[in-house]
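Visitor: Starting from the given sequences, assemble the full structure and let the hints guide the process.
Protein chains in written order, with our numbering: chain A, 1 to 312; chain B, 1 to 323; chain C, 1 to 566.
Among the hints, erroneous ones may be present.
Computed, partial: chain B to chain C, Cβ under 8 Å [unchecked claim]:
id	residue
1	G138
2	R226
3	L228
DSSO-like mimics (lysine-lysine), calculated; alpha carbons at most 30 Å apart, straight line [as the list claims (entries may be wrong)]:
id	chain 1	residue 1	chain 2	residue 2
4	B	K221	A	K202
5	C	K22	B	K221
6	C	K252	C	K292
7	C	K252	C	K238
8	C	K499	C	K292
9	B	K221	C	K79
10	C	K79	A	K202
None of these hints come from the bench; they were simulated from the model.
Glycine included, every Cβ here is placed at the ideal spot set by N, Cα and C.
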Amino acid sequence: MTNLTPSQNTTRFARFMDSDVLHSFLRSPSAMIAAFITLIFILAALFAPLLAPYNPFDPSQISLWDGKLPPSFAEGGDERFFLGTDNQGRDMLSTILYGGRLSIIVGLAAVFLGMFLGVTLGIVSGYLGGTFDAVIMRIADVQLTIPGILLAILINGIGRAFLPVDIRDEFAIYVVIIAIGLSDWPQFARITRGATLVEANKEYIASARVIGLPSWLIMMRHLLPNVLRPVLVLATLGLATAIISEATLSFLGQGIPPTTPSLGTLIRVGNEFLFSGLWWITLFPAIALVILVFSVNLFGDWLRDALNPKLR
Amino acid sequence: MLAFIARRLAQSILVMAVVSAVAFSLFNFVGDPVNNMVGQDATRERRAEIRLQLGLDDPIPVQYVRFIGNMLQGDFGVSYRIKQPVDQLILERLPATLELVFVSAIISLVVGIVAGVYTGIHRNSWISRSILSSSLIGVSLPTFIIGIALIYIFAVHLRWLPSSGRAGTIDFGWWKTSLLSLEGWRSIVLPAITLSLFQLTMILRLVRAEMMEVMQTDFIKFARARGLSERAINYGHALRNTLVPVITIIGLNIGGLIAFSVITETVFQWPGTGLMFIQAVDFVDVPIMSAYLVFVAILFVVINLVVDLLYAAVDPRIRIGNG
Amino acid sequence: MTELLKITDLNVEFVARRGTIKAAQDINLTVAPGEVLGLVGESGAGKSTIGNAIVDLLEHPGRVAGGSILFQGEELRGKTEAEMRSIRGDRIGMIFQDPQTALNPLMTIGDQLIETIIKTRGYDQKRAYECAIELLEGVGIDNAEVRLKAYPHQFSGGMRQRVVIALALAGKPELVIADEPTTALDVSIQAQILDLIKQLCEERQLGVIIVTHDIGVIASIATRVAVMYRGKIVETGKVAQILGDPQHEYTKALISAVPRADKKYHRFEAVDYIEGGATRKPIDIATHWLGKSRHQSDDQTPAVSVKNLDLSFTLQNALLKKNRKMLRAVNDVNFDIKQGETFGIVGESGSGKSTIARLISGLYTPDNGEISIQGQSVLGNQRDANIKAARRKLQMIFQDPYSSLNSRLNVMNIVAEPIRFYKLTSSEAETRQIVGDLLDHVGLGASVANRFPHEFSGGQRQRISIARALATRPQILICDEPTSALDVSIQAQILNLLKDLQEDLGLTMLFISHDLPVIRQTCDRIAVMRSGQICELAETEELFNNPQHEYSQHLLGLMPKLDLLG
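Guide: Following this line, the structure appears as structure tokens:
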């Protein structure tokens with residue numbers, strides 16, 4: 001309708017500050033809380049060595065005598081260990097900080113792997129079409145019919161089977177990342193290809209072609225920035241899923257080994273002691289995991305609605 | 001229509017070929033098959049005999065064809081660990097998995113669709129809001145944590161239900177069912193709820209999103225402009241258009257249940273195929289692993305085929321071409 | 001005075017984050033039975049809002065802020081939702097713009113009709129069924145009893161719109177509000193639908209409100225007109241008076257911007273009233289960078305030559321060749337475009353005219369045939385230096401200004417991209433200088449360079465597209481429906497700009513349009529296309545005065561009669 005409203009200062013920052021997305025963020029308490037908690041988790045993960053009272057990987061700081069102590073606020077607790085200790089005498093708070101760090105790292109790495117593969121293949125097949133597109137999308141379609149978690153379990157299982165027993169634990173983390181990343185890419189490929197098809201039909205792409213720009217430049221400069229919105233949402237929600245997947249694999253005893261436990265591994269270990277009443281070994285890692293996943297999900301959920309103009 | 005089905009069949013065969021190739025390579029390249037079968041201390045003659053028996057000296061393609069041939073006859077070899085034919089093991093454990101998936105599917109579909117439609121229609125009621133908020137928690141709760149929590153509350157704390165295993169089965173030939181005795185139901189309730197919860201929330205959210213999408217369309221506006229009642233618009237026009245994609249959801253749902261049954265069965269020590277697979281991975285029991293792989297692939301191929309056919313049956317745009 | 005509808009001082013506002021938008025202000029309108037009131041205005045004028053406000057179907061966050069809506073003497077404002085529901089459909093019917101989406105795809109036409117009839121008239125199933133057949137026959141659908149069992153996707157666009165009309169009439173309404181009822185349809189179908197609405201209006205003594213942006217629609221159907229501009233009605237009156245002797249400045253500007261098919265002007269006059277009519281600061285072409293490409297039009301080689309062009313699209317693939325369904329989009333097309341002329345291609349949607357533009361610009365590759373640009377064949381290996389050089393002489397302007405610019409780049413980067421890519425300047429400073437000059441030249445001003453496309457209106461975006469096309473210093477410009485997404489007043493400005501540029505730079509233009517009047521105003525020679533073939537190619541005046549081919553005559557006959565305009 002109206003136009004040429006004199007807003008000369010249109011740097012990217014100014015555009016962001018004025019954007020509807022930011023506005024909607026500041027109006028949504030749940031999104032802000034979710035972002036805040038996620039940020040705290042990420043900071044805690046980054047600075048775990050500084051924050052943790054003990055180093056759970058340093059044998060000199062661990063004593064079996066301290067094993068199975070309840071939290072300091074519970075009956076029989078030891079004030080040295082705020083959240084108690086596990087069966088090996090490791091401080092729960094420290095192991096949770098280190099475990100959360102591992103969970104977030106694995107989740108991020110897996111999502112990046114899946115996103116990189118998916119976005120690359122999605123843009124190329126969407127833009128170039130033809131046989132390449134047909135083959136890639138058939139594979140993606142078939143893979144999409146199988147739930148990611150099952151696929152991750154299968155790929156992880158096969159990956160572990162191929163590794164010799166003695167180095168299995170050492171490489172477990174990489175197998176887990178690859179398994180989750182590989183189970184994730186078709187979603188990214190699908191959504192990127194869909195967005196690419198829509199964008200590629202728009203006239204700015206035709207116009208870039210008429211100017212004579214080569215395909216790679218069109219894909220990088222024109223398509224990529226325009227298809228990233230839905231990818232961003234998917235990546236956020238995918239991070240939550242990837243963290244769950246890692247925890248699940250570890251819980252099943254097929255992921256991160258107990259020597260360097262992730263949250264899932266901690267829950268697995270704790271589960272064995274649940275019946276003997278040592279509830280804190282399971283409960284605290286489980287709470288940490290659920291809060292982390294929930295806040296990432298909550299943020300992703302908001303992001304999806306905020307970036308979808310139809311729902312506003 | 002026929003061409004459509006033919007294309008899907010061809011695709012399914014391709015999928016099976018790829019999966020069987022993976023299964024085959026597991027067999028041949030993981031560890032030493034002979035060691036796996038007879039152990040380290042067998043004599044050289046005994047080893048050679050087994051190599052010959054298994055045809056391990058034949059060219060790889062020949063071995064692959066033989067593998068497929070055996071597979072088609074249901075022969076997946078003998079478990080390294082339990083020393084029983086794998087096909088028997090699977091058949092034995094299949095009813096447990098299928099019954100668990102069946103009960104969970106009913107729970108998640110019925111509750112999920114009803115709640116999804118409700119929240120899609122009554123968008124702003126407080127019930128919808130609370131259903132939605134709790135659904136996000138549902139999505140964020142890993143299945144194994146739900147399982148542990150339910151066990152702790154209902155088995156350890158309240159002692160109402162058994163914490164694990166499958167009890168009270170009644171035999172029908174090779175099919176053992178737990179759905180015909182109280183004891184059986186008591187043992188299936190917790191795993192079934194655990195398994196269905198995540199799918200339930202997914203279905204709820206998908207149905208609601210689909211419903212809201214449909215509500216935005218022009219034909220709904222036009223129906224409003226003709227003065228049709230809210231009831232006719234919600235249930236007559238919107239719901240039908242919502243249900244077409246819901247059929248895919250059913251397919252996804254059953255697929256998802258099979259996937260998560262691996263986790264649920266482990267948590268509850270439910271003697272199904274998923275638990276068997278996890279145990280097999282722990283011991284690198286390759287025959288079971290590869291058989292499970294093929295089994296899962298078959299299941300998914302069949303589910304997808306059925307979904308495609310159902311889809312065509314519901315949507316006139318696919319059923320009847322342009323007139 | 002027996003008024004069916006009387007609107008007094010109606011105000012509608014939309015409360016948005018950046019302040020309240022007054023979509024309709026102090027609206028006064030009346031509609032009598034048997035009368036077609038045309039509500040005309042350009043996009044954003046608020047004309048659809050009024051229709052929605054009458055039936056209380058304003059989209060969130062819109063609301064009626066004041067005024068009264070009397071329908072048959074009864075105040076509609078303040079009615080409950082249930083009361084309104086008994087009015088919608090029963091007494092006021094609505095017709096929507098896009099028949100593709102207005103019908104439920106999963107229900108048969110019959111079910112949708114019968115459902116509506118039962119609701120509005122309270123008939124039983126059997127009577128409703130008979131009534132549905134009657135209604136379908138009434139809107140000109142043959143074989144109604146059979147067609148009742150068909151699904152919407154089995155109807156063509158025009159037929160669907162007839163079904164939509166039948167649905168709108170199902171409750172025997174006294175008033176029908178039609179919101180752009182023909183905009184989504186082809187010209188030949190448009191005329192039929194308008195005739196149908198007019199005929200129904202007369203037969204049933206309906207009051208009809210037609211909301212449209214198209215003066216042609218108004219001229220052919222309306223009895224009275226209300227002209228809307230920025231949420232206000234600026235002028236109301238009989239059609240002949242408004243079109244022939246407009247009083248308000250806006251109406252005058254609007255009407256003078258309407259392209260005429262019956263006479264040719266050099267430029268469109270008096271479009272200045274309309275906001276956004278930027279003043280150009282033309283650069284001196286003779287000395288400027290841009291002028292270096294100016295073609296000396298002394299040689300006789302055609303600018304573009306097309307021979308025996310063929311292109312088929314696969315509609316439905318199949319393993320066997322004979323089962324494949326192919327569409328021959330372009331079928332043995334030949335023409336030459338002379339240096340410096342404007343060559344027009346006109347035809348209905350699906351006639352293959354845009355496909356030809358895309359073939360020449362290299363977006364599609366033909367199955368057969370030859371395309372050359374200034375004598376150089378441009379088919380074959382696209383990496384060949386000669387072909388690349390020839391292709392660079394040609395640029396294209398697209399139809400949809402909202403999708404033809406990359407929204408992630410600012411105007412500077414959009415316009416500078418070809419200059420930078422081809423290294424047409426010696427320094428970045430020079431590039432920036434030239435982009436500024438180009439923006440000045442197309443009437444936007446160099447100061448907009450740091451802004452992003454979403455800050456501009458459709459017409460302004462089209463100017464950015466033109467500036468970018470000029471940045472490669474082209475000699476040939478393909479314009480593919482460059483103004484069909486724009487309001488008429490903006491269209492007039494853009495057409496004027498293109499005409500000026502062509503004269504300044506000696507450009508050759510290929511102008512594609514479905515709009516005969518626009519074609520007449522812009523082109524020297526015209527090719528009329530139908531189903532992939534050219535059926536007539538003639539000088540513009542010759543074609544309009546003396547069309548030879550049957551199809552050309554048919555097309556010319558469909559043009560709205562604008563003799564009411566002075």
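Visitor: Taking the earlier hints as the rules, which of them does this structure contradict?
Guide: 1, 6 and 10
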